[in-house]
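Given chain A, put chain B in place with the hints provided.
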Amino acid sequence: MNEEYDCIILGTGLKECILSGVLSVEGKRVLHMDRNSYYGGDSASLNLNQLFEKFGKGTPGANLGASRDYNVDLIPKFIMSSGQLVSILVKTDVTRYLDFKAVDGSYVCHSGSLYKVPTTAGEALKSSLMGILEKRRCSKFLEYVGNYDEANPKTHDGLNLKVVTAKALFEHFGLKPDTIDFIGHAMALYYNDDYLTKPALPALLRIRLYGEAVMRYGHSPYIYPLYGLAEMPQGFARLSAIYGGTYMLNKPIEEIIYEDGKAVGVKSEGEVARCKFLVGDPSYFPDKVQKAGRVVSCICILSHPIPNTSDAESAQIIIPQKEVKRRNDIYIGAVSASHNVAPKGKWIAIVSSNVETSNPEAELDPGLKLLGAIEDKFYSIRDVYEPISDGSKDNIYISKSFDPETHFGDSCNDILQVYKRITGKDMDLTPPEKDGKDEQ
Amino acid sequence: MLAFRSFPFLTNVDRVKTLPRSIKQEFPSSSSASPLLIGEEPIFTLRRIRRSLVLDVNVITHGSSLDVEIMNNNKLFQFKLVLLGESAVGKSSLVLRFVKGHFLEYQESTIGAAFLAQTVCLNDTTVKFEIWDTAGQERYHSLAPMYYRGAQAAVIVYDITNHESFERAQEWVKELQRQGNPNIVMALAGNKLDLEANRRVTIEEAQAFCDTNGLLFMETSAKAATNVNELFVAIAKKLPKNQPNPRPVSDSRRIVDNTPPPKKGCCGSS
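Those protein sequences? They're chains A and B, same order as listed.
The first sequence begins at 1 in the UniProt record's numbering and counts up one residue at a time.
The second sequence begins at 1 in the UniProt record's numbering and counts up one residue at a time.
These are computed hints drawn from the structure, not numbers from a lab.
Some hints could be false.
What the hints assert, rightly or not - Think about it this way: if two alpha-carbon atoms lie no more than 30 Å apart in a straight line, the pair counts; the simulated BS3-like pairs of lysine-lysine are:
id, chain 1, residue 1, chain 2, residue 2
1, A, K198, A, K425
2, A, K162, A, K140
3, B, K100, A, K91
4, A, K162, A, K425
5, A, K101, B, K75
6, A, K344, B, K241
7, A, K167, A, K322
8, B, K241, A, K101
What the hints assert, rightly or not - Sample of chain A residues lacking proximity to chain B, with all beta carbon distances greater than 12 Å (derived):
id, residue
9, G270
10, V272
11, G372
Claimed, not checked - On the chain A side, residues computed to face chain B include the following (Cβ under 7 Å):
id, residue
12, Y39
13, E231
14, A241
15, I242
16, Y247
Keep in mind it's a predicted model, so treat the numbers as computed, not measured.
Ideal Cβ placement from N, Cα and C applies to all residues, glycine included.
Isolated chain A, as found in the complex (with noise of 0.2 Å):
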């Protein structure tokens, strides 16, 4: 530990992860840290005992089985299949230590009854959450998105999208209310309604994501790792670790050590370790990071799949903030033993949602309500910090916690954002050069 490092990065969440195998890879030597003596920081999974000692509650019954097929996720997220979070596996070739399920179903609550989002041509023309005449204005709506190209303003139907709102953009197309809710919220994924007076291109773009995404698998956008999120930082930094990076778990980090301001080391268990740089989560840097929001989130465990999702194995349901007059739309991830989470017969849904009120354990009711008996859950709040310098002063870089976000969208942008600070370039994600032998 005495030694001079590149770089240190404390806390081994799926972003400090990530850095760390990309900076490995780029030949930095890193020392990467946590205090924790499990992977994954606040996007760890944990064992059915890991889980009930988290949250001060004994012991686990006998009736929800054994602890070790237990991987209950901390944040509830599924993966985007055409996200730039897959782009970074493939780039880093991670992927050859995971599995990844497609997520069977996305849906949308809507007048209190619960939707599937249509991922085919057929299944829009069967859903009954539009009228026909609707349905046609929001095919060409979606054809406008699929069509549109920067480069060509015949594209543009005479909309510069960089100035026209999204809501202005919704209404050239004559789309009704609900529907605007449905694209918002089940497609281009908001999670409150802010965007509908900003510039409609970003909003554009998120639909058109989510249009990919869907055609990759069918079913639903999301995909989603055996055994839970937490194989995706442990694959990265065995990454890291295969590129000389050096790990070490249970590590109390005591003082960060700085010299004319800037951060120099890390001292832990009396010794010191030495850096040009350092790297980590907010929560190691506590008087350096601003808080940026709240989330509620209950964590279910249940015997049945969640009522109306034809016994979807694993399901995304989303309720638009309008339709439990929220400003901000509740989530629920639910995930089974299909995906190694849990053993057979049991689902986790996690219930999530942007905090509101003074009892935000309340404002998640309604989404526990679509979930039938539930045979014990855990609630938790927690604060979204965000750093309040870039790091070019002090040399410490520092990530932002996990948002409500439904997948690893600005999650990813963070990453991206870090690196550059770092580095000053950006990532490289091209794809990797195949030889083409395993390409059919």
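This is chain B only, laid out in the frame that chain A set:
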């Protein structure tokens, strides 16, 4: 929805090419990725880390006549094998000897052995080992659960000239019994047999431990190539070939398609 069909990026040929046809193809699982590489020459890349030369072994396969076996309806099984043991007992050296027939006197401790594979031919089956090295993560007890996950075989290595490494090996066995697959096949390897003069662990002591715990046992020398192939062959023989867990490699058509014409006799074992 309706209009997804008309999204231009779905009809653009270049783009479609990069879209996977199945998840398996886009995200080959650790076990399904490698069959395609059977018959390929090993790929080694050399690079420098710190002072000394380090081997970065990316993918290695060496199944010279595997294609013949498959054509003869020989069953191919694939197993994940993990290496465990204290630093500097010769884990990576054993694998390099087994897979490539190499030995490096001054192996950097943080060798980047990422993903190695080697096949062993038995009489009626071919066993392909997908070998995971610790990548140095054992040094500060920071091996991830992912490492043990799904491992069907484990080689626990100690150094016969270092009694502490033997004690540590026994702890690894306990760890595996606790964390690993209950049917895992474990082998204990007492390495550095070429340093017999400095022996600190007796054969009897190690054998007794293995008998009690149902482990295969061999003393090996990666340097002198003693008992290395024999160790892996013994494991290959002991691995169950009829349970659902060790799945036969299903897509054999692709394997044959991607294999160069047969050259010579069977590898290693028989």
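Results of checking the hints against the structure:
no. : hint            : result
1   : A:K198 - A:K425 : holds (28 Å)
2   : A:K162 - A:K140 : holds (21 Å)
3   : B:K100 - A:K91  : holds (27 Å)
4   : A:K162 - A:K425 : holds (25 Å)
5   : A:K101 - B:K75  : holds (27 Å)
6   : A:K344 - B:K241 : holds (25 Å)
7   : A:K167 - A:K322 : holds (16 Å)
8   : B:K241 - A:K101 : holds (26 Å)
9   : G270            : holds (16 Å)
10  : V272            : holds (16 Å)
11  : G372            : holds (29 Å)
12  : Y39             : holds (5 Å)
13  : E231            : holds (6 Å)
14  : A241            : holds (4 Å)
15  : I242            : holds (5 Å)
16  : Y247            : holds (4 Å)
Of the numbered hints listed earlier, not one is contradicted by the structure.
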